[in-house]
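Residue numbers (numbering that gives the first Met the number 0), protein chains in the order written: chain A, 0 to 354; chain B, 0 to 300.
Wrong hints could be hidden among the right ones.
Claimed, not checked - A few chain A positions that, by computed beta-carbon distances, are all more than 10 Å from chain B:
#	residue
1	Gly64
2	Asp74
3	Glu79
4	Arg184
5	Thr270
6	Arg310
7	Val315
8	Ile317
Claimed, not checked - Derived pair list, reagent style DSS-like, types lysine-lysine, alpha-carbon separation capped at 25 Å:
#	chain 1	residue 1	chain 2	residue 2
9	B	Lys192	A	Lys71
10	A	Lys135	B	Lys192
11	B	Lys106	A	Lys77
12	A	Lys77	B	Lys192
13	B	Lys192	B	Lys106
14	A	Lys100	A	Lys190
15	A	Lys77	A	Lys100
16	B	Lys192	A	Lys107
17	A	Lys135	A	Lys119
18	A	Lys119	B	Lys192
19	A	Lys100	A	Lys135
20	A	Lys34	A	Lys119
21	A	Lys100	B	Lys192
22	A	Lys190	A	Lys71
What the hints assert, rightly or not - Only part of the chain A face toward chain B is listed, based on derived beta-carbon distances under 10 Å:
#	residue
23	Leu106
24	Ala149
25	Leu162
None of these hints come from the bench; they were simulated from the model. Source: prediction; values computed, not measured. We put the beta carbon where it would ideally sit given N, CA and C, even for glycine.
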Amino acid sequence: MQLASMPFNEIRLDRMSRAFGALNALREITLSIRKGEFIALLGPSGCGKSTALNCIAGLLSTTGGGIYIDDKRIDQFKPEDRGFGMVFQNYALFPHMSVRKNIGFGLKMRGRPQSEIDIKVEEAIALVRLQGHADKLPGQLSGGQQQRVAIARAIVIEPPLVLMDEPLSNLDAKLRLEMRAEIRRIHNQMKATTIYVTHDQDEALSLADRIVVLRDGVIRQVGTPHELYEKPAHLDVAEFMGFRNRFAGKVISREGDRATVSAGSFSVSGTVVGALQPGASAVLAVRPDDVMLAEQASGGVPVTVDTIEYRGREYVGIARTGDGVEIVFHADRAPAQGGAVALSIDPARALIFGA
Amino acid sequence: MAMSHSTPMEAKSLRQKLALRGIDGVTLLVLPSVIFVLAIFIYPFFYGLMLSFSPMREGGMFANYAAFFSDPYLYNTIGATLRLAIPVTILSVAFAVPVAMRVRLMKRQRLLTTILVLPITLGTVLVAQGMLNYLGPQGWFSRTLMLIGLVDSPVKLTNNYWGVFLSLVVTVFPFTFLLTLSYVTGIDPALEKAAATHGASSWQRFRHVMLPLLVPGLAIAFCLTFVQAFAVFPSAVLLGAPSGPTRVISIAAAQAAFEQYDFTMASAIAMIMGVVQLCIVLIVLVVRNLFYRGATSGGKG
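Chain B extracted, bound-state conformation (with noise of 0.2 Å):
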């Protein structure tokens, strides 16, 4: 503290004055990411904002709006979007948590979670592709079930509701694991021992206290799967119906810029799904901050 008895007649410099604030030379280092955040995120957003208030309807700067929720055929995207997305990652979440207090105990992490995370690296298109093979009428599935004599004719698992959610599960859920992982493996070992030694049985030990520790990462893991599982574009036109039950709002959004050339209504749609997108994140947030969000070690370390 010696530095601070400098008298306040003696003026510091711009270089200190900003140093102390903790800006020096170092700081100039993210300029690049600044500006590519600036480039690439901020100005097409607002870019796109603004070009759905100059629709090229007639009815003024909401007409765009106006005409989404005027129609049923596009505003009934919002609930089938939401009738794939909340399943989807309400299953992902609570399939990872199981999976994860599992593995974290195993001693050859490494193997399981490159399998897990392959489905990641083999992007939407190709899984949705070999789904639509897999899962098809002439598909392996089918054929086993038929082979077994559990079912008669083909299970229809493609071109509906039930193809689209499947091959979502199957590109998020690596994803929220691999979340839900990091998050379970970090409370502390101490916690569980000590809730054993005090008496808790296993279930009573995650009950009590891994999942009170674990709501707010997993509240983010839900935010974050949700978000991914909202934008369901491919899978959906792939294996799905999307003039009917998985018409999401993303094939909306496609269809007013590719279809009818109407880049301010695919705007509009854009926005409209960012808004929706950001009220489910805002309620699970919300949720969150009911519980307790403090460290998740036993003490000092």
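Just chain A, same shape as in the assembly (with noise of 0.2 Å):
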């Protein structure tokens, strides 16, 4: 039985659960994917988002709950049974097989007749432009062409669902900026659903509708993008999001969802996310960008220079204060090295978190 081509609405997730023994890699993970949707799986190494992918495709058995296709239960199925596309991250290309061969091995598994396979691998070669490599095997090809190929074996059966897993994270820096746009481009041409996993922020704010934060198996925020960018629930959400200073201290004062947060010789006002009272410790989260030189000494936090880098549009700047905090900054002129200033951060930019 094949699920492939299969009108639906959504996929659900229904506490999901994987434990490995003891260990419990992945804790009743509930979500529902509308069709068409792009979602990124993020987290650091080790958080449960490849447990959660495997679980999906089938590779892996779940320890609880159950993955419905609209009503239909599938989380018993084989993975040859679920129909779903997989990219995996060292690719896994059959090596024996021409790249027009690999790409259509899912059609020629489900018995489809070799005329129809023709017309589609063609059309998914012209999709991931390898025209002029039909007949190569996968190891004349290069890392970018390979996890092309990789795509276009996933896309031509119409899955479902497609599962990315990293499959950017061989490849060098300006490849994966250029299969990135790749991976959107296709997407936006096919709708195909999709489950990218990845460990890296950038990949899942350019690419995902909506991004999913794991932590120790556990959702910790659901939202677009944007939503994780701006409003992150969570410090561990925010680290990931580009909040590199980080200030623990003891809110001094509140006003709304304005406080003021001491933190040893200075104080910062910031955005609090969550209930939080004077007096509770709590930890000042900022992205470097929104940590600039102050116009007036008088009006910030006192630093001394440490290191600062020529970034091209503006300088990047690392700063200690008296008791030895570190402040990462961008500036738009270069302070002296060891010199004394004062930085300024933006309130309404800086999240207050409990600690």
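Make one complex out of these two single chains by using the hints.
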């Protein structure tokens, strides 16, 4: 029984869990994915994101909960009966088959007539722009080309769901950007429902319709890239979203959602996430781009500049406060290294989390 | 590449020239093995070859070969040996593949591997002797079958073709299995996962992914197993009918050497044996070349 090309509205994970002995790699993951949506599973290594993908693919069995396509429960199905497409981290192309045969593999296994396979494979080759390479073996292709073959192989069967397991992590930085745009283009064209596993927030932000942040096998936050970037719900999500500067301290005053945190020799204002009362210990987190050189020395945090790097449009500096807290900041002019300056932090862009 | 800019005028020392060709002090370490191979293999081979061309009988230098191919009692040994060695090899390889496919997924591989390898360490004579007792007319095997009532009289499994066949399978199988296991585990497991997610059933995964990648390794396993089986001697004597259907070619050579004391004839038979083996191995390798023989992983590691 095949699910490919089956019309459906949503794929639903209902308290999906997976334990390895005493270790809970996934704990009650609940998520519903609309048809055509691009979901990124984002998290550090060991957070359970690959386990989740393998459970959905059927390569690992779940130890609790269910996976549904609309109302059809599929978590007991073998991987070959789920009809999903999967793109592997190391591509996993069949080394003895030409590009054409690799791409046509899924259709052949489904017993489609050769004439149909030929047409669809040609279309897929054109989609991933590999014309002229169709009769080569995978070993004769570059890494980026191999990944295109892997993507074509996964989507040619028109699966209800395409799973991608860190598909860009084996490519060099330049090619990674190229392939990222390529995956976006293919998704826009095919509208295949996709779950994309990555530990790179840039990939997740630029590709996904929605991002699911996982940590220790638990969903920490689900939201659009914009929501996650602007309003991370937890400190660890914020860390993933580039909030590199963190100051631990105590809330000294609060007014509406604005509060001030005292962190040793200085105090900073920011926006409170959640319920924090004065006196509570808290962490204020802010991105380097939201820390600037203060116009007047009186208004900001006094620091000593450690290093300063020129980045073309601006400077990125690392500075230290009197009690040794490191702050990364951006500046449009270069302060002297070792000089004393004041940094201003935009309170609207600094977030305060409970510690 | 900075080193290659030295002008041709600069004379390189002999040591440098040799080093550029990959020959240095460490290369000397191969000397003992080269001497060993020369003394134990190359020299005796050519000595035997020359010996086979200086026959004790009349008829010029090819007299031994002429004698072999004009006497059915002698040339039939080629067929008798092939009739044993080829089925044994095919059966061993055919058995080894599914067992290896299963064992590769097991956690206690080592225990099973040890059990399977035991027959190698025991040696062919012990296995043959054991099977003589076990499969003989008064052995457990026949007695159990009679007890259950499956047969009325003892099954004849010794002193004939099947006795030799079974003991050969027992002695060569572990070897074939270990080779096959190493080829099977050498295939990137991600390939099977990829095949499964793209809709291939377990048989299709084996047929379209595993088997084509295994063929080159299986060809090597086939050749090595065949060469072992072709040289069958102790079990053909102990468990077979050494003057009848299991009169294999090594028996003919042994008789020439130690019963007729004609070492030149024995050498000629040994050479014929070598040529037959070589032919089979070449055929297998030619067939192997028709298949894909590259990496067995599916991309960058």
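Do the hints match the structure? See the list:
no. : hint                  : in the structure
1   : Gly64                 : holds (21 Å)
2   : Asp74                 : holds (15 Å)
3   : Glu79                 : violated (5 Å)
4   : Arg184                : holds (22 Å)
5   : Thr270                : holds (44 Å)
6   : Arg310                : holds (31 Å)
7   : Val315                : holds (32 Å)
8   : Ile317                : holds (35 Å)
9   : B:Lys192 <-> A:Lys71  : holds (23 Å)
10  : A:Lys135 <-> B:Lys192 : holds (23 Å)
11  : B:Lys106 <-> A:Lys77  : holds (22 Å)
12  : A:Lys77 <-> B:Lys192  : holds (11 Å)
13  : B:Lys192 <-> B:Lys106 : holds (19 Å)
14  : A:Lys100 <-> A:Lys190 : holds (24 Å)
15  : A:Lys77 <-> A:Lys100  : holds (23 Å)
16  : B:Lys192 <-> A:Lys107 : holds (17 Å)
17  : A:Lys135 <-> A:Lys119 : holds (18 Å)
18  : A:Lys119 <-> B:Lys192 : holds (23 Å)
19  : A:Lys100 <-> A:Lys135 : holds (10 Å)
20  : A:Lys34 <-> A:Lys119  : holds (22 Å)
21  : A:Lys100 <-> B:Lys192 : holds (17 Å)
22  : A:Lys190 <-> A:Lys71  : holds (22 Å)
23  : Leu106                : holds (9 Å)
24  : Ala149                : holds (8 Å)
25  : Leu162                : holds (7 Å)
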